[in-house]
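S.K.: Sequence:
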Amino acid sequence: MTAKKLPPLSSRELLAKIGLDDLAHETLLFDDEPLDSPLDDLAAALRDRFHSLTQATRLQAGDVVAWKPGLRNRRWPNYGKPAIVVEVLDTPVYDAEKDSGNPYFREPLDIALGVFIEDGPHRGDFMVWHVDSRRLQTWTSEEL
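Numbering (UniProt numbering), first residue to last: 1 to 144.
These are computed hints drawn from the structure, not numbers from a lab. Glycine is no exception: its CB is placed at the ideal position from the N, C-alpha and C atoms. It is possible that part of the hints are untrue.
Label-pair restraints from in silico Cβ distances [to be verified]:
1) E13 / D99: 42 to 50 Å
2) S52 / F116: 51 to 59 Å
3) P8 / F116: 53 to 61 Å
4) D95 / H51: 22 to 30 Å
5) L6 / G101: 30 to 38 Å
6) M127 / P69: 41 to 49 Å
7) L89 / R49: 23 to 31 Å
8) R12 / T140: 53 to 61 Å
9) L9 / T140: 55 to 63 Å
10) R49 / A16: 42 to 50 Å
11) R12 / K81: 51 to 59 Å
12) P108 / P69: 14 to 22 Å
13) D41 / S141: 26 to 34 Å
14) P8 / P108: 51 to 59 Å
Turn these sequences into a full structure, and let the hints guide you.
M.R.: This is the structure:
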């Protein structure tokens, strides 16, 4: 005995069959359950990151630094790991990214950081990366 093959369901028929038809959304929220706008917290987070980015930390060669929370945009150093300032550039080098839709477009790279690579074939090697100093803060051992 072979099973009778049913005709395929349309997406609307399938949604109705599992209880997610056009009217289902009306029962999910009630007038007496107002929701806070997610934009309230998002706006506060944006203001916080903007303040952190624009709050300058004066750095010099030999300072031990780490990323400010939420501002890491490079692979190294990892969050919670220190790096050492190798050089502070008098004139920033601007990232050569030509696509204005890229977050690195015209980023001012004004500081050279030395880090140890933690994994891969270069594990333990001391490498120097250029970064935007606005994203850095003085490192403290509490960050571990």
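S.K.: Now, for every hint given, state plainly whether the structure supports it.
M.R.: Here is what the structure says about each hint:
1. E13 / D99: 42 to 50 Å: Because 44 Å falls inside the window, the suggested range holds.
2. S52 / F116: 51 to 59 Å: 26 Å, violated
3. P8 / F116: 53 to 61 Å: 58 Å, holds
4. D95 / H51: 22 to 30 Å: 23 Å, holds
5. L6 / G101: 30 to 38 Å: 47 Å, violated
6. M127 / P69: 41 to 49 Å: Since M127 and P69 have Cβ atoms about 23 Å apart, the given range 41 to 49 Å is violated.
7. L89 / R49: 23 to 31 Å: 24 Å, holds
8. R12 / T140: 53 to 61 Å: 58 Å, holds
9. L9 / T140: 55 to 63 Å: 60 Å, holds
10. R49 / A16: 42 to 50 Å: Holds, at about 44 Å.
11. R12 / K81: 51 to 59 Å: Holds, at about 52 Å.
12. P108 / P69: 14 to 22 Å: 21 Å, holds
13. D41 / S141: 26 to 34 Å: Given about 31 Å between the Cβ atoms, the range holds.
14. P8 / P108: 51 to 59 Å: 57 Å, holds
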